[in-house]
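K.L.:
These protein sequence lines map, in sequence, to chains Z and V.
Counting from 1, position 393 in the first sequence corresponds to residue 393 in full-length UniProt numbering; the numbering is continuous, with no gaps.
Counting from 1, position 135 in the second sequence corresponds to residue 135 in full-length UniProt numbering; the numbering is continuous, with no gaps.
Keep in mind that the hints were calculated from the coordinates and are not lab data.
Which stretches of chain Z does chain V cover? Using the computed rule of at least three CB atoms under 8 Å from a CB of chain V, they are: (1) 297 to 311; (2) 339 to 348.
Okay, the calculated beta carbon distance ranges per label pair: (3) Z:P262 - V:S29: 46 to 52 Å; (4) Z:P339 - V:Q120: 37 to 43 Å; (5) Z:K369 - V:D35: 36 to 42 Å; (6) Z:R318 - V:S30: 23 to 29 Å; (7) Z:T208 - V:D35: 36 to 42 Å.
For each residue, glycine too, the CB sits at the ideal point set by N, CA and C.
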Amino acid sequence: MLSRTLRGCISSRRFFSSLNSVSDSDVAHFSKILSPSSVISSLPPISASPDDLSIYNNDWMGKYRGKSTTVLKPKSTEEVSEIVRWCYDKRIPIVPQGGNTGLVGGSVPLEDEVILSLANMSKVRSFDPVSGILVADAGCILQSLTDYVAPYDHIMPIDLGAKGSCQIGGNVSTNAGGLRLLRYGSLHGSVLGLEVVLPDGTILDQLTSLRKDNTGYDLKQLFIGAEGTLGVITGVSILTAAAPQASNNVILALPHFDNVVPLFKVVKRQLSEILSAFEFIDRTAYELAVKHGQGRALSEEEVEGAQCFVLVETSGGRREHDEEKLNNLLETLLDADKPLINTGVMAQNPAQFSSLWALREGVTEAISKEGKAYKYDISVPAALFKEVVDITRDHLRSKGLLHDDAVKYVLGYGHVGDGNLHLNIVANSYSPEIQAALEPFVYELVGNFTSRISLSRTRYRCNEDTCSTLLQDRSEHCSDEKDKGALRSSGYHEPREGFGVLGSMS
Amino acid sequence: MRPTPSRLLNILVPVKRAVDYAVKIRVNSSQTGVDLNVKHSMNPFDEIAVEEAVRLREKHKSDIKSIKAFTIGPPKSVETLRTALAMGADSAVHVELPESAPSPEPLSVAKAIRSYIGKQESEGGVDVVILGKQSIDDDLGQTGQMLAGLLGWGQATYASKVELDLGKKEALVTREIDGGHEEVRVKLPMVVTTDLRLNEPRYASLPNIMKAKKKPVEKLKPEDLGVDFTPIIETLKVSEPPKRVGGGKVESVDELVEKLKEHGFTAV
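Only chain Z is shown next, with the shape it has when bound in the complex:
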């Protein structure tokens, strides 16, 4: 989240002082160029109630609140272009917004920026069942795309818990990883082309549908994970994968966290091409998911003595083949002299398959029911997952913040294959003390482990103090001359110089 970082560092007050708020005349202009249902504003002549804007101004967790007066929901790329051009000329900052499912506050305004919602751009433009290439508007909901390609025996190369609400444009803008990254790789590989509205309103059409395109600079890569700072993604061309004909999953209970990495090695070797997910859930996360309504897969005795759990999924072309491999693996694991696992369960039918996944995917929801969460989506080697969680917990304890009225739980879950940990601190309520105890502590902690903070993974709204170290890392990347040159010719300006496409979509 480059711009947030920049804004934090150059002081948001100074930053916003060079920009303008939306005025009545701007709303009148938007009403002229867009259809009536595309403009929601508390300003005249629309004068909607602020309640109508609240779902756009507040994030899903209720942690971040914006004060935007105006939401625009264009229906075409041309309309997006017109909006962006107007805002560029009038120096009005914009927050592009997708499904607003982000957990780190990137999709809601800091102040009163215009919210540019892509929700009305939700058409599939084309799908080629031979190559599996899907071209769709940025506002298409991930689940609806999955449903769209399903009859053609294809699946989206990305899958995440928020699939029912998140939009593909936001997925690309945040370079979302998700549950299938282990199998299908990151969006840098599966996104084949993008259509982007640049800061001055220029439409950059990079929407090729070629699997291989080796001509010149690959500009689209810049927008993947750029979180809306370089332009608004309006269309995505993405390579979908052939749908597996058979899937199965197991949840394994591990006596000790140290077994996770050796287990991953064994599983990877034995399952090889059919391994499609290897997810880590610590005991606290598991129990919260069970507490908040996910079925209990394992009995009390089976959970007893387990420090963490791993969900392994296989997807392949032939069920008998996959089951044999999975059974061999499980036999090896259970019959070993020093078993890496205590026990586990295997789905016996599609309903159980879904229930086992719900245990992993339900953690996020369980956390939000349990309290207010501080969430850090960080990249560290899998072997350090537990250490990060433990050190954070000890740190909070040493600050006297680990009790029922402050921090209730510190827990971790995530993708072992990708080295991506979701560190969650569940508090009774958001408080400045907890915030101060966590930031920049967590960033420094991760920084120490990885020598530098993983760029796109550590997303957050930061204050001036926590940004100083991070900005260096960011600017190193962004001063890349090739990037700048390419963008300058397409109308790129430094965000602080007036283009306010800020924040992320997801």
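Put chain V on the given structure of chain Z with help from the hints.
P.N.:
Positioned in the frame of chain Z, the structure of chain V alone reads:
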């Protein structure tokens, strides 16, 4: 007075391999049935039956001598038996039909189970048969009742609670009926068919899945039971229900009223 020593109980759980309930059913192109080339699993009501048998064992411990799963079907039906064994059944019987054989009908299934129970007399017999109230593929819901009739046993259908009194050799069963519950007292031996609320089936744990592979599965042919599985019902044609027609939007209340009148709806 000393309680009469209770006899050890044998439970038989007939199960059926059916198209999984999560699968979207499609009529095959020749309109003779549905596409069977999809994921199958144990009929959910039978899964509840297996679970109930295992729970009875957990409650009555060694008084339950054996839990045997029983199925009739193509070679792949053995997977369904393995699931039952992984959940806690001790042994299984597979009456194997050819891959292409038509699905057996309730009467022949009931006759086959009766025949098998007859053969068990010398080995302690069967005291309780627990099976699903219906299978979700043909939805006929007749096997349990026919079996009880053929055997001359008591029956407790649509059970939502089963309490065994081994001393008195009877069971108190709560049944789901229209508008409420009904409690019936049934003498053993008996047939129980399960309803959805009876229990929530467990997941098969890995150690139990492994153990299940080593449990015995007895193979039988239809001839061994002296039952002919040739269907007596002729299926003429299977077709999908008519597609739902989407609604329309009206501009005003007047138009709505007009439309309602057009379709014969009037104010009372």
